[in-house]
Amino acid sequence: MKERLSQQAIAMRAAKEFQDGDYVNLGAGIPLLCATYAPIGKDVFFQAEQGMLGYSRLLQVEEWEEADLDYVDAMGRCVLPSSPGLSFFDMDTSFDMIRGRHLDCTVLGGLEVSEKGDLANWTRGNLEWGAVGGGMDLAVGARRVIIAMTHTTKDGKPKVVKECRLPLTAKECVDLIVTDLAVLEVTERGLLLKEVAPGWTFEEVQSLTEARLIPDPVLQEIQL
Amino acid sequence: MKERLSQQAIAMRAAKEFQDGDYVNLGAGIPLLCATYAPIGKDVFFQAEQGMLGYSRLLQVEEWEEADLDYVDAMGRCVLPSSPGLSFFDMDTSFDMIRGRHLDCTVLGGLEVSEKGDLANWTRGNLEWGAVGGGMDLAVGARRVIIAMTHTTKDGKPKVVKECRLPLTAKECVDLIVTDLAVLEVTERGLLLKEVAPGWTFEEVQSLTEARLIPDPVLQEIQL
Amino acid sequence: MVFHWGMGRGTPQNLIRATYNKGVSDLIVISHNFISAHLGGRVFSLDEVCTPLMLAGRAKKVITAWATDYAHGKNKTLENGVAGGRIELELTSHGNLIERVRAGGSGLGGFYSPVGVGTFLEEGKEKRVIDGKEYLLEKPLRADFAFVRAYKADTRGNLVYRGSVRGSNPIIAMAADVTIAEVDEIVEVGELDPETIVTPAIFVDRIVKIAEDGFGSTSYMQCLFRTTMRTLLEGEEE
Amino acid sequence: MVFHWGMGRGTPQNLIRATYNKGVSDLIVISHNFISAHLGGRVFSLDEVCTPLMLAGRAKKVITAWATDYAHGKNKTLENGVAGGRIELELTSHGNLIERVRAGGSGLGGFYSPVGVGTFLEEGKEKRVIDGKEYLLEKPLRADFAFVRAYKADTRGNLVYRGSVRGSNPIIAMAADVTIAEVDEIVEVGELDPETIVTPAIFVDRIVKIAEDGFGSTSYMQCLFRTTMRTLLEGEEE
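Chains A, W, B and P, in that order, give the protein sequences. If you count by this note's numbering, then the first sequence holds residues 193 to 416, one letter each, in order. If you count by this note's numbering, then the second sequence holds residues 193 to 416, one letter each, in order. If you count by this note's numbering, then the third sequence holds residues -4 to 233, one letter each, in order. If you count by this note's numbering, then the fourth sequence holds residues -4 to 233, one letter each, in order.
A hint or two may mislead.
Below 27 Å or equal to it, Euclidean Cα-Cα: the simulated BS3-like pairs (lysine-lysine) are [as the list claims (entries may be wrong)]:
#1 B:Lys71 with B:Lys55
#2 A:Lys208 with A:Lys308
#3 W:Lys194 with W:Lys208
#4 A:Lys363 with P:Lys120
#5 P:Lys122 with B:Lys122
#6 P:Lys134 with A:Lys363
#7 P:Lys134 with B:Lys120
#8 W:Lys386 with W:Lys208
#9 A:Lys346 with A:Lys308
#10 P:Lys128 with B:Lys134
#11 B:Lys128 with P:Lys120
#12 B:Lys122 with W:Lys308
#13 B:Lys71 with W:Lys346
#14 B:Lys128 with P:Lys134
#15 P:Lys204 with W:Lys234
#16 W:Lys354 with B:Lys122
#17 B:Lys71 with B:Lys56
#18 W:Lys194 with W:Lys346
#19 B:Lys122 with P:Lys120
#20 B:Lys134 with B:Lys56
#21 W:Lys363 with W:Lys386
#22 W:Lys308 with B:Lys120
#23 A:Lys363 with P:Lys122
#24 P:Lys128 with B:Lys122
#25 W:Lys354 with B:Lys128
#26 A:Lys234 with A:Lys208
#27 B:Lys120 with W:Lys363
#28 B:Lys122 with W:Lys363
#29 A:Lys308 with P:Lys122
#30 P:Lys122 with P:Lys134
Cβ pair distances, simulated, as ranges [as the list claims (entries may be wrong)]:
#31 B:Ile125 with W:Asp408: 32 to 42 Å
#32 A:Gln252 with B:Cys218: 47 to 57 Å
#33 A:Gly213 with B:Phe210: 22 to 32 Å
#34 B:Ser214 with W:Glu254: 23 to 33 Å
#35 W:Ser274 with B:Gly18: 37 to 47 Å
#36 W:Lys194 with B:Asp126: 43 to 53 Å
#37 P:Lys134 with W:Lys234: 34 to 44 Å
#38 P:Asp188 with W:Gln200: 30 to 40 Å
#39 A:Gly213 with W:Gln200: 52 to 62 Å
#40 W:Asp408 with P:Lys128: 50 to 60 Å
It is worth saying that the hints were derived from the structure and are not from the lab. We put the CB at the ideal spot given by N, CA and C, even for glycine.
Next comes chain A alone, as it looks inside the complex:
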C-alpha cells in the first residue's frame, strides 16, 4: 500500500497556506500542530479562543523552566511568556473577533466535509451530548476555513462526501481541505483536486472519496 502523509505532514501542508501577517485560530487535533510549522519568514499570529492574540509559537520541552501557566493556548499549553505583542481580552471579545470576520484563517479538524463545503466535526454520534466548543463559531466567522484531517476513517470510509451524514458544524463554510492524500479546494463547480500525496494518482484519490472530484489541469504533488 502506498504511503500516506503523517499528521505532522498534513499540518505542515496546511500551514503553508498562512500568509504574512495572518491572524489564525487552530482547532484541536492535527490543526494544533500547525503552530509549529508556520512558514519561515512570515509573521503568523495565533489566537486562543479563551482570550489571547498574538503568539507565534509554543514553549518547547527544553524551555519549560521558563513556563508561566497563565500564558496558555486554547489547549492549555504554555506559550512563550515573553512573546512580544501579546494581548489579552475576555472570551466575549474573542468571539466577537471570530464571529465578526476579523480572523484571516482557521484550521479545523473534520469528520466529514461535503462537496459543497458543509462541515461536520463535533460529534460522531447523536445530539445527546458532545463537544461543540468554538468550532461552529470559527467555521462561520473565519474568513478562510481550512480543514486538516485524514482522508478516510480508521476503517477506510471516505470523509470527503456528497452530503454529510453526521450532525453539521456549519453549512458551506469550508474553503480548502488538506488530508493525508490530497489538497482539495471547494469551488462553485465542486471539489477541485489540486495536489496529491507523493506517488498517488487522481484515480486512486477519487476511489477513496465519495464526492466527485475535478482534477486540476496542473495537478501537482504535495510539497512540504
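Start from chain A and add chains W, B and P according to the hints.
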C-alpha cells in the same frame, strides 16, 4: 411671592437620596450639581457614561494645577486624577452597565414628568433633531430614576403633568421627582407629595401642578 | 465613524481635519455627537480643536445621539444642513448607537433593546415582547472607515488608551473595513504592557503618529487646557 | 455560572469546592465546559484541581458548549447523568453561550447570531433573514450566582486578571444577581493600576481571598504545574 429652592438646593435634596455604596450617574444641568453634595459619611461612586466609574468628587477651582484632562466626567470636567479606585472601560461596557440595571441610581433633568412616571427631557420641539444622548438608556436602565428640575417652566406652566405632550424619553421610568417646590414619589396610586419647600402648602403646590397629587399623611418640609 | 467627547481628548482630530481638507463629500458620518469641543463654558473653534462637527458640511447623512450644538456654540453646520434638507439625520440613543456598532463589528444580525420603547425610536422598528418585557429590534452598523484616537500603538497595531477618554474608540475599531488609529507615540512590539492593551492589533489596519507636540497631541491639548483654565480663572477674578 | 479552561487557571476552584461540600442540589450550572483539568496529556483528579465537572453531580441541568470529558478522563458524572436522564443538557457553541451571557448582563432581550444556522442549534429557534443572511434568535442568560476567578481585587471589588486566563470571567461577572470573586490577593483601593482593571467594582458583590499558597492559589497551581512537568519529562526520558 414665596421663595423657591435654588438649583443648588434642588441638587442637595436629590443627593440626600444616595445610599452608602451607591453607583450613580448624573445627567446634565441640575443633576450634575449633585456631585458636590453627596451625603457626608456615605461613599457614593459616580459613573461617567463615556467609560469611567468610581469618582467621588470633581476638581475644585483652586486645585486646577493638578488637573489631568484625560480624567474627565461626562461633561468634560476634571475629576481628581488621584481618585482611588477609578476604573476605565469602553463606552459599550458603560452602556451595558446602564442598560443591564447595574447602576443604583440616576439623577436626570426633566422637561415634563407624567403622573405615571413617563419622562420627557430631550427636546422641547419636534423630532427633527435633538440631544437624545444617554438619557433614554439611563431612564430605562438605572434601578432608581430621580428627576431634578424646576416645578414649572420659565413662563409658569406646570412640568408635572397628566400626560406628557413632548416627545418621550422613556415610559413609566421615574421613581422620584425633586423640584424647587416639592418632593414627589411616583406610586401605583399616583403622585405622592412627600415634602414641600419651606412655607409652601399642599394646595399651593397642587395649583402649580397639572397632575393630581396625593398628600402624604406626614407631609414634611424639605430639609437639606 | 469617529468618537468625540468633551474637550476633544479621545477625538482623532488630525484624521478628521485631513478628511475635511481632502475635500471629500457625500459622507455618511457616524458619531456619538456633533458638538464643538468645550471646557468650563468656553467653546473652542474647529481650528483649535477639531470635532466630528467639521465633517458635517461634508456629509449627506449623519447617525448620532446628539445633533444639536451647545446653545452657545456658533457652528450650526449640522442644524442648518438638516433643516435645509441637505443632510439626512438618523437619531438614536448613545447606548443603542454603540451597541449597534458593536453588533456590526461582531457579526451579529441585530439585537433587541429595551431602550426606546414608547418613544420616537419605535418608528419603523419591530417591537417584540420577550419574557413579558417590550424590546425594539436594532440593526447593526458598520463603516468603510473608522478613525480611532488612542494614546500609544505598537508597530503591530496594538493600542493602549489613557484615562476616561477611551470612549467608543475600542468598539468602532472593530466595525470598519479600514481602521486608522491616530496616536501620540508608536513603540516597538513588546514595549506595551500586555495587560493594558485594550484594542488588539487585529482590529487596526493603519497607524498615524501625531507630530511631536503637534496639533491634537496630548501635550498640545494639555497646553490648551492650561491656557484656557488660566483665562477662565482670571476672568472670574476680575 | 462558572468558567474553566485547560489546567484550571481562571477557574474559581474554592468556590466550586465549597458549593459541592455544602451539599446543595438541583443546580442549573452554566459553564463553557465540563471537563477535567489537564496538562500535557495528564488529567488531574478533582482533588487536585476542581472544575465545574464537580458540580455536575449536584445539577439538574447544565448549559454548556462541551459536555463530554476527555476520552482519557475517568469522571463520567455528567455523561452518565445525561444518559440516565438525571441531568438535562442544553448544548450550544462557545461563542453563542458567552454572547447570551453578555446579553443577560447588559439588559438585551436577545440577538441574531449567524452561528448555528443549518445545524441542530436551529431547533426551536426563530430563523430570520437580515440583509440576505440567515440568523438564529438567541436568548439572554442570567444566573443567581456567578463565581469568578480573578488575580487581585481591591477592597471595593475592582478586579484585575493575569495573562490568557481571563476567559469568560469578566462577562459572567455582569450577569448574576450575586457575583463572588475568588482572588489571590486583596489590596487597598487605589493600589491597582486603573488602566489594568478589567472588571469594575460595580459588577462584584463579594470577594473571597484564597489562603496564602492554599488550594487553587497561583503558587499552588504553579507548583502543581512544575511537579507535573517534571514527572512528564522524566517519563519521556525513561
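ask   = Does the structure keep Lys122 (chain B) and Lys308 (chain W) at a Cα separation of 27 Å or less?
value = It holds: about 22 Å lies between the C-alpha atoms, which stays within 27 Å.
inquiry  = With the threshold set at 27 Å, check whether the alpha-carbon distance from Lys122 (chain P) to Lys134 (chain P) stays at or below it.
reply    = 13 Å, holds
query = Between Lys194 (chain W) and Lys346 (chain W), is the straight-line Cα distance small enough, at 27 Å or below?
reply = Roughly 16 Å separates the two Cα atoms, so the pair holds.
request  = Sort out whether Lys122 (chain B) lies within 27 Å of Lys354 (chain W), counting only the CA atoms.
outcome  = 26 Å, holds
task = Assess, step by step, whether the Cα of Lys234 (chain A) is no farther than 27 Å from the Cα of Lys208 (chain A), and give holds or violated.
result = Answer holds: Lys234 (chain A) to Lys208 (chain A) is near 10 Å, not above 27 Å.
query = Per the hint of 23 to 33 Å, is the separation of the Cβ atoms of Ser214 (chain B) and Glu254 (chain W) within bounds?
reply = Given a distance of about 24 Å, which is inside 23 to 33 Å, the answer is holds.
request  = Using the beta carbons of Ser274 (chain W) and Gly18 (chain B), state whether their distance is inside 37 to 47 Å or not.
outcome  = Holds, since Ser274 (chain W) and Gly18 (chain B) (Cβ atoms, about 45 Å apart) stay within the stated range.
key: Gln200 (chain W) and Asp188 (chain P) - C-beta distance against the hinted 30 to 40 Å   = With a Cβ separation near 36 Å, Asp188 (chain P) and Gln200 (chain W) satisfy 30 to 40 Å, so the hint holds.
inquiry  = Given the hint of 32 to 42 Å, is the C-beta distance from Ile125 (chain B) to Asp408 (chain W) inside that range or not?
reply    = Check passed, 37 Å falls within 32 to 42 Å.
request  = Please work out if Lys386 (chain W) and Lys208 (chain W) have their alpha carbons no farther apart than 27 Å.
outcome  = 14 Å, holds
ask   = Keeping to a limit of 27 Å between CA atoms, is the pair of Lys363 (chain W) and Lys386 (chain W) held or broken?
value = Judged against 27 Å, a Cα distance of about 22 Å means the pair holds.
Restraint check for Lys134 (chain B) with Lys56 (chain B), where alpha carbons must lie at most 27 Å apart = Distance of about 17 Å is within 27 Å: holds.
Figure legend: structure checked against the earlier numbered hints; every hint is met.
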